[in-house]
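**Student:** Chain by chain, the residues run as shown.
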Amino acid sequence: MPASTMSFPKIDAFSFVGGEARYVDDLRPPALLHMAVVRSTRAHARIMHLDTAAAMGVPGVVRVLAGPEVATHLQPLPYSFGDPQLLGGRRRRFDALPVDEVRYVGEPIAVVAAENVRAALAGAAAVTAEYADLPAFLDARVFLDGQASGPPEELRSHVVAENRFSSGDAAAAFAAAEHQLRLSFSMQRSSAAPIEPRGYLASWDESTGRLTVHASHQQPFQLREQLAQVMGLAEEAVRIVVPRVGGAFGLKMTGPVEEPLVCLMSRLCQRPVKWIESRAECFLGGGREQYHDVRVAFDGSGRVQAIRDDLVVPIGAESPAPGWRQAFVSAATFPTAYDVPNVEIRSLVVATNEPPWHSIRGFGKEGPVLVMERVMDLVARQLGRDPADVRRTNLVPREAIPHRMPSGYLIDSGDFHAVLDEALALADYERLRVQVRTAGGPDLLEGVGMAFEVVPEGGGHAAGRLTAGVAPTAAAPESATVCIDASGHVQVLSGVTNPGGGNDTALALLAAAELGASRSMVTVVQGDTDRCPPGTGNASSRATSVGGAAVVLAAREVAGELRRSAAAMAGVPAEQVVLRDGAAHLPAGEEVSLAELCRGIVAEGRGSSLSATRSYQPKNLHPGGETDVYRYSYPYFSSGGYVARVAVDPRTGTVVLRGLTVVHDCGRVIDEVLVEGQLQGAMAMGVGLALLESWQADPYGALTTRSFKEYLVARAPELPSFTIGHHAVPTPNTLLGSKGAGESGVGGALAAVVNAVDDALSRAGAPPATTFPLDPPRVLALLAGGGEAP
Amino acid sequence: MTGPEQVAVRLVLNGERVSALVDSDATLVDALREDFDVTGVRIGCRNGDCGTCTALVDDRCVKTCLVLAGRASGSEVRTLEGLGTEESPSAIQQAFMECYSFQCGFCLPGMVFAAEELLDRTPDPTDAQIRDALSGNLCRCTGYQNFVRGVHRAAEIRRDGTSQT
Numbered sequence: 001m002p003a004s005t006m007s008f009p010k011i012d013a014f015s016f017v018g019g020e021a022r023y024v025d026d027l028r029p030p031a032l033l034h035m036a037v038v039r040s041t042r043a044h045a046r047i048m049h050l051d052t053a054a055a056m057g058v059p060g061v062v063r064v065l066a067g068p069e070v071a072t073h074l075q076p077l078p079y080s081f082g083d084p085q086l087l088g089g090r091r092r093r094f095d096a097l098p099v100d101e102v103r104y105v106g107e108p109i110a111v112v113a114a115e116n117v118r119a120a121l122a123g124a125a126a127v128t129a130e131y132a133d134l135p136a137f138l139d140a141r142v143f144l145d146g147q148a149s150g151p152p153e154e155l156r157s158h159v160v161a162e163n164r165f166s167s168g169d170a171a172a173a174f175a176a177a178e179h180q181l182r183l184s185f186s187m188q189r190s191s192a193a194p195i196e197p198r199g200y201l202a203s204w205d206e207s208t209g210r211l212t213v214h215a216s217h218q219q220p221f222q223l224r225e226q227l228a229q230v231m232g233l234a235e236e237a238v239r240i241v242v243p244r245v246g247g248a249f250g251l252k253m254t255g256p257v258e259e260p261l262v263c264l265m266s267r268l269c270q271r272p273v274k275w276i277e278s279r280a281e282c283f284l285g286g287g288r289e290q291y292h293d294v295r296v297a298f299d300g301s302g303r304v305q306a307i308r309d310d311l312v313v314p315i316g317a318e319s320p321a322p323g324w325r326q327a328f329v330s331a332a333t334f335p336t337a338y339d340v341p342n343v344e345i346r347s348l349v350v351a352t353n354e355p356p357w358h359s360i361r362g363f364g365k366e367g368p369v370l371v372m373e374r375v376m377d378l379v380a381r382q383l384g385r386d387p388a389d390v391r392r393t394n395l396v397p398r399e400a401i402p403h404r405m406p407s408g409y410l411i412d413s414g415d416f417h418a419v420l421d422e423a424l425a426l427a428d429y430e431r432l433r434v435q436v437r438t439a440g441g442p443d444l445l446e447g448v449g450m451a452f453e454v455v456p457e458g459g460g461h462a463a464g465r466l467t468a469g470v471a472p473t474a475a476a477p478e479s480a481t482v483c484i485d486a487s488g489h490v491q492v493l494s495g496v497t498n499p500g501g502g503n504d505t506a507l508a509l510l511a512a513a514e515l516g517a518s519r520s521m522v523t524v525v526q527g528d529t530d531r532c533p534p535g536t537g538n539a540s541s542r543a544t545s546v547g548g549a550a551v552v553l554a555a556r557e558v559a560g561e562l563r564r565s566a567a568a569m570a571g572v573p574a575e576q577v578v579l580r581d582g583a584a585h586l587p588a589g590e591e592v593s594l595a596e597l598c599r600g601i602v603a604e605g606r607g608s609s610l611s612a613t614r615s616y617q618p619k620n621l622h623p624g625g626e627t628d629v630y631r632y633s634y635p636y637f638s639s640g641g642y643v644a645r646v647a648v649d650p651r652t653g654t655v656v657l658r659g660l661t662v663v664h665d666c667g668r669v670i671d672e673v674l675v676e677g678q679l680q681g682a683m684a685m686g687v688g689l690a691l692l693e694s695w696q697a698d699p700y701g702a703l704t705t706r707s708f709k710e711y712l713v714a715r716a717p718e719l720p721s722f723t724i725g726h727h728a729v730p731t732p733n734t735l736l737g738s739k740g741a742g743e744s745g746v747g748g749a750l751a752a753v754v755n756a757v758d759d760a761l762s763r764a765g766a767p768p769a770t771t772f773p774l775d776p777p778r779v780l781a782l783l784a785g786g787g788e789a790p
Numbered sequence: 001m002t003g004p005e006q007v008a009v010r011l012v013l014n015g016e017r018v019s020a021l022v023d024s025d026a027t028l029v030d031a032l033r034e035d036f037d038v039t040g041v042r043i044g045c046r047n048g049d050c051g052t053c054t055a056l057v058d059d060r061c062v063k064t065c066l067v068l069a070g071r072a073s074g075s076e077v078r079t080l081e082g083l084g085t086e087e088s089p090s091a092i093q094q095a096f097m098e099c100y101s102f103q104c105g106f107c108l109p110g111m112v113f114a115a116e117e118l119l120d121r122t123p124d125p126t127d128a129q130i131r132d133a134l135s136g137n138l139c140r141c142t143g144y145q146n147f148v149r150g151v152h153r154a155a156e157i158r159r160d161g162t163s164q165t
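As they're listed, the protein sequences go chains B and W.
Going by the working numbering, the first residue of the first sequence is number 1, and it counts up by one from there.
Going by the working numbering, the first residue of the second sequence is number 1, and it counts up by one from there.
Next up, chain B with everything else stripped away, as it sits in the complex:
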């Protein structure tokens, strides 16, 4: 078979390896201007004076915009993903550029458009600002003290939301507890850091009054809605087109102020304007940081009777982008996969003078997984028991699923005991456990660790009982159009988008299967708001499970029409026609190719193609016997058991990851290669969080991890090949029974690797690891008997 017609695991594969794929920075329309952003150098200050005159004098500079002028053109930015009150959060107003006050180092204060990038940057450098500093709030850990009695009055202005979830009677359980533990955990701020940073190309057409925006983006329809609102345009006047995206991982959602600013610049200059983020700008964004003060009550068998977690989540400066919402999800995901009868979660979501949170793979679920998995290990250690047994004692049993969590999240499906046991077997855990105790020596400390991860996905992060005054929530639909033309070519137009993974391939496979077509007969169109039916883009692992369901429904409708046409031609009942191998097969053994069939339909004058558009919403089936009514929340939970093996060099503090195994349940697997690709990338990110990745700022709030030389991500030699197994428990809540495979792996890998390092260190007498990442300075500090790196 010639290479060009081979069916590779990814559609359009050659366009990538041949260098033809077009990303947003590859687009260069005529008369293009380039935008640069002037950023605040102060964490919190009043802007006393902003001087743009010198910038206008830089050759090539066409326009400079600062806050006061922008405010005359743009409406305030709306919140993405709905009102903050859905999450118990306060509201505030967001303008594209500040007029009088800056809230973090790196906040945009002006934008410059110029004939070339050099002139734009020179113009930006020529803008000067005078500030009067205000007190900067950079360390949210002050909230950890006395959280039970509520935050002190002088700090209340920083509190964005308080999220409290409870079940049972934690106070009584602690009073009666046989054993107790109190643990503190600090999870570092980290950044999505795709290799392609953000980028937008805005083209205003004065003659039509239309704005076209090419964006490296995850949410074209949400971006269209936001831009229309902010710019005072009808939604039909805005077209978003997403070219190839060089990775997103949550970074490229709607909300950053550069989005409306580059569009405004295009409208004011009457020319196309492009803004491509620099690597240092990309690193401003972060997420995941959280501080936990955890108390655990348990009995001699390791059964956890109660857990109380006072957590503080610093979300950086408030922002309309959805990143800050992850704080709610972190609190609401406790106590993960475990059946703990008494739970008390008290979370403070706190604004600081650091750059705003962006959404980031895991969307808040990886923090609670890390905490609960550390807790399980430390309970086991205190009792001298096998950590696997302690987990088995506490996991929600299969027969108790569907299981309502204290927050109102609903675990829809899963078999946690089987998944854990299969992971342990696949990793040969029993042998490893013995081996790490006998191998190594004073020069090399070996460890094995495990983790159990649950990942609520499919959209629906708000939760809780639906009582009086509580706004209800509903499942967002996805939609798809499937059409087949007179040549038998199938086109799938979908409202979900592809951040660079394989969901376009999955959609093509699903459509082809319904139509009896080959995948090569299918083209997938995504990310163009003029052509595609609406959808949520790329979020919460919905593309295949929800977007794919819409494709299947639309394709089924087209397939039904094809069968009816073939049946009418042959004079047989439609049920006897089988679509397979690109043809309609008739009962007498005859076959009609799909192309021929379509030509016939077109010749009959029934349009130039057969087409159907359908949408699909996941369900939220409640447990039988439940009397309370709950908000709609995440429709499906993926789960996974993880086992990591590490070796630690006690002289250097270096950790070598020797192996990482997962058995994963994402329900029905549509395509194993694509699912495993998602897991591999997410697990690599989780390993990075355990050992390397850490966003850092100086004492004045200025980013110090500005490049990949300071912000370390895993490189090829630092990772082993992962071992992946599947244990599919389909969800009743989606058409195909498939669940999510996009976020799984971050929290599981993170927690398993941390637990493995801790296992190695604990046998050398180190105290428990509670502050992350476990980079060499921190490992050495633990071996010296302390928790904090010097």
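Just so you know, the hints here were simulated from the structure itself, not pulled from any lab data.
Treat the hints loosely; a few may be bogus.
One-sided and incomplete, this derived list gives chain W residues near chain B with beta-carbon spacing under 8 angstroms [unchecked claim]:
(1) Asn-47
(2) Thr-79
(3) Leu-80
(4) Met-97
(5) Glu-98
(6) Ser-135
(7) Gly-143
None of these values were measured; they are calculated from a predicted model.
Cβ coordinates follow ideal geometry from the N, Cα and C atoms, glycine included.
Put chain W on the given structure of chain B with help from the hints.
**Tutor:** Positioned in the frame of chain B, the structure of chain W alone reads:
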């Protein structure tokens, strides 16, 4: 304020002679993209960290964000576009497509050329040799696992003397 001096840059780019006047402080990656319309080198960091600006310059893997375009004048430069065709891809291109080695594809310039260079000097590399050879290139999508498989597969294709399966 005036712009920098211009210098003439002449290259043999993917087999064709090309030339342009570029700013004397322009890096090779900018000249390739802006002046010679190449999209098979990309900008991920401008700092030599990520590798997605990689091209072959006089048959050596070079991070073109770290080289002034003027210094490369007179060189032969090969980018992804100059490697294979859809009908006849290079062994690495073929293997990376077969093994689902990449996802978003943004990192491919570095991955492809680092792998080509490795196989030129080490026809049958070990996992560790492959991971070392790829270590100058960052990928956030894949965890590198399928790149390692892909390089092994490319070694096999090169040995068998065919890129067809």
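**Student:** Taking each numbered hint in turn, which are not upheld by the structure, reported in ascending numerical order?
**Tutor:** none
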